[in-house]
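Colleague: Listed below are the residues making up each chain.
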Amino acid sequence: MATSAAGRAPQRGPQDDRWAEVRLHVVTGKGGTGKSTVAAALALALASHGRRVLLCEVEGRQGIARMFDVDPLPYAERRIATGLAGADGRAGAVHALHIDPESALMEYLSMYYKLGRAGRVLDRFGVVEFATTIAPGVRDVLLTGKVYEAVKRNSRNRGATQYDAVVLDAPPTGRIVQFLGVNTELAGLARMGPIKHQADSVMTLLRSPRTAVHLVTLLEEMPVQETADAIEELRAAELPVGAVMVNQVRPDELDDTSLADALAGRLDGPRIAADLAAAGVEAGDTLVAELTEEARDHAERRALEDEQRSRVAALDRPTYELPRLAGGVDLGGLYELAARLREQGM
Amino acid sequence: MTPQGDRRRLRVGPLASTARQAPPLDVDELLDDPDTRIIVCCGSGGVGKTTTSAALALRAAERGRHVVVLTIDPARRLAQSMGIEVLDNTPRPVPGLTWPKGSRKRPVDAPRMDAMMLDMKRTFDEVVESQANPEKAQQILDNPFYQALSSSFAGTQEYMAMEKLGQISRDAERDGSYDLIVVDTPPSRSALDFLDAPERLSSFLDGRFIRLLLAPARGPARMMTAGLGVVTSTLTKVLGAQVLQDMQTFVAAFDTLFGGFRQRAQQTYRLLQSEGTAFLVIAAPEPDALREAAYFVERLGEDQMPLAGLVVNRATATSPEDLDAEEALAAATRLDRKRSRSATAGLLRLHADRMRLAEREARLRERFTAAHPEVPTVVVPALSTDVHDLDGLREVGTLLAGG
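So the protein sequences, as listed, match chains A and B. Residues are numbered in this note's numbering as their position in the first sequence, beginning at 1, plus a constant of 1. Residues are numbered in this note's numbering as their position in the second sequence, beginning at 1, plus a constant of 73.
Any given hint could turn out to be false.
To be verified - Simulated crosslink set (DMTMM-like; lysine to aspartate or glutamate; CA at most 25 Å straight-line): (1) B/K194 x A/E60; (2) B/K310 x A/D286; (3) B/K194 x A/E130; (4) B/K310 x A/E103; (5) B/K411 x A/D201; (6) B/K194 x A/E234; (7) B/K310 x A/D201; (8) B/K411 x A/E60; (9) B/K310 x A/E150; (10) A/K197 x B/D108; (11) B/K411 x A/E234; (12) B/K310 x A/E108; (13) B/K411 x A/D257; (14) B/K194 x A/D230.
Because the hints were derived from the structure by calculation, they are not lab data.
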């Protein structure tokens with residue numbers, strides 16, 4: 002049995018210093034691992050002590066609006082929630098932004114080229130559609146470009162909200178390096194000119210210690226493998242790898258002995274029946290057999306989780322674990338997950 | 074560990090609730106029907122599309138079909154789960170297939186199944202090479218804009234999947250190599266991207282922008298001149314003159330191939346609408362995955378594409394005994410108070426957790442069924458182990474067939 006109490010608990014303690022310098026938290030993960038949920042929980046966890054955090058989404062899903070139970074977000078920053086209060090009881094605020102490439106292109110043109118009206122002409126000629134759906138990488142550079150703009154704001158940008166941190170709910174691991182690194186590709190395509198300059202600036206931020214790319218995984222073989230692959234690819238692209246966020250961890254209701262007994266079919270049936278009777282549950286043999294079977298199933302999965310947990314540990318990145326919420330993730334659930342991140346030093 | 078056969082099978086499916094139930098999906102009937110020529114598995118990322126496709130293909134092969142499974146996922150997942158190290162753009166035979174026990178088929182005609190993984194860039198290059206003379210093909214392949222487009226255009230993968238499906242299907246019709254093609258769809262941002270790829274390509278090819286780029290070659294476009302100046306100067310300003318020139322060269326060189334591309338994309342689209350095609354929408358019992366599944370079902374209806382049913386993977390198994398979550402938790406608390414040191418309180422809490430998950434999943438499925446009551450559905454319990462090999466795929470196949 003690979004199970005050990007020490008192996009189960011993720012590394013705790015003051016990890017927060019590690020991220021003090023980070024202004025841009027990019028959250029990615031294999032499809033189905035819950036990366037959007039983790040990004041939202043991270044934004045809540047970071048928004049304490051009066052800090053302002055911007056949570057961005059770029060995949061057109063309106064997932065933030067659904068998770069926070071607000072109206073679909075426009076291409077404008079909105080305050081959507083109070084952050085999780087810190088030890089001193091002070092909370093911050095989470096703002097949200099839904100970035101779509103068309104709006105980002107229009108804003109880009111008017112901001113950098115004073116070409117507000119040209120936008121409509123471009124649209125009429127199908128250039129906007131071409132640029133945002135077909136032209137290689139342009140879509141991605143527009144999306145990361147807007148995130149870059151939000152991160153780089155300072156007191157000179159009068160009227161614009163400044164943020165202490167930006168959390169980006171990014172595309173899945175399979176596309177993350179292309180998404181972030183596409184700027185290099187585009188910069189290579191555009192060998193000179195303003196878009197190259199813009200792409201280079203975005204790349205400089207993404208490769209700096211002010212950025213961290215966090216990877217969300219489940220304790221299952223394929224997501225863990227994909228996480229390991231993504232870490233290698235990110236490193237090869239010189240992008241800063243952040244933490245591994247292990248999501249949907251199974252409850253820890255049985256101790257190691259019971260887990261071993263459950264696996265070996267050694268759970269004490271008569272004892273369970275007696276306990277159930279003592280607790281006022283009418284227990285037939287069927288119920289005892291079913292509870293035992295459920296325990297075996299659980300123990301098998303826990304053993305597999307432990308195997309994957311040690312593979313995650315071998316990745317040698319700061320690791321955070323988040324529980325699987327049986328009732329699903331609602332707004333309350335997001336705060337609960339944020340609190341877990343905070344407990345583990347985020 | 075005890076063999077699987079000794080174990081009680083945990084039940085999946087609706088709880089005691091009597092809410093609307095979807096009609097059952099009969100997977101074996103679908104696989105055995107000689108009129109089923111193509112099965113397309115679609116759904117959002119992380120719902121088990123690749124495993125499901127491979128399991129369906131294997132089951133069909135071991136029931137006597139000549140199958141090829143086409144996977145598009147660039148990860149080595151299918152390769153891993155089928156025990157094959159290299160999958161490339163050519164279908165390769167999968168070793169280790171056998172007739173099921175009790176089958177009357179002769180061992181000499183062992184079941185056959187091929188598998189392949191799509192190499193997007195190579196498919197694109199092959200299409201260019203097959204459509205243009207060598208000189209022109211090289212000119213296109215060397216163009217920087219083509220190189221960027223063929224490796225990163227959001228949708229190239231989807232389009233190339235369609236292209237490859239069309240190719241294999243035409244070949245199979247001609248030489249009878251396969252009588253069933255199982256297709257796994259790319260891990261798209263949205264499940265709908267797969268259907269939109271040909272349309273997007275067509276609109277790219279027919280788009281005003283391409284016309285505009287070609288305009289100098291095709292003579293004066295006086296009607297456009299007013300806006301044209303603005304567009305060209307903006308593009309030059311933003312992209313630089315070099316990129317614009319690369320694009321123009323590419324479009325001019327590619328122009329002659331456009332017709333072929335568009336025609337084949339439309340052919341494949343019609344193929345997907347034909348009666349021999351069956352779409353299976355794959356989902357997990359999660360709100361996002363089921364929402365995508367619902368969009369997909371609606372979209373298939375609009376596009377008159379034949380939907381065979383919904384597969385809900387990774388479902389939580391529950392046992393039929395009625396001990397609900399609240400009761401179980403209350404009993405666990407009473408045991409804690411008695412300071413019982415046995416595992417029973419833990420077992421009860423696990424049971425409560427499982428019941429809650431199962432209740433939530435059942436609610437989500439009922440919501441789907443309420444909106445789409447006609448969609449045949451099969452619910453597949455989550456396996457406790459990952460699928461690595463043919464035996465694993467066979468087990469998934471059995472579960473898909475409701476066994």
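Colleague: Work down the list of hints and note, for each, if the structure agrees.
Modeller: Status of each hint after checking the structure:
{"no.": "1", "hint": "B/K194 x A/E60", "verdict": "holds, 24 Å"}
{"no.": "2", "hint": "B/K310 x A/D286", "verdict": "violated, 78 Å"}
{"no.": "3", "hint": "B/K194 x A/E130", "verdict": "holds, 23 Å"}
{"no.": "4", "hint": "B/K310 x A/E103", "verdict": "holds, 18 Å"}
{"no.": "5", "hint": "B/K411 x A/D201", "verdict": "violated, 66 Å"}
{"no.": "6", "hint": "B/K194 x A/E234", "verdict": "holds, 19 Å"}
{"no.": "7", "hint": "B/K310 x A/D201", "verdict": "holds, 17 Å"}
{"no.": "8", "hint": "B/K411 x A/E60", "verdict": "violated, 52 Å"}
{"no.": "9", "hint": "B/K310 x A/E150", "verdict": "holds, 20 Å"}
{"no.": "10", "hint": "A/K197 x B/D108", "verdict": "violated, 54 Å"}
{"no.": "11", "hint": "B/K411 x A/E234", "verdict": "violated, 54 Å"}
{"no.": "12", "hint": "B/K310 x A/E108", "verdict": "holds, 15 Å"}
{"no.": "13", "hint": "B/K411 x A/D257", "verdict": "holds, 22 Å"}
{"no.": "14", "hint": "B/K194 x A/D230", "verdict": "holds, 21 Å"}
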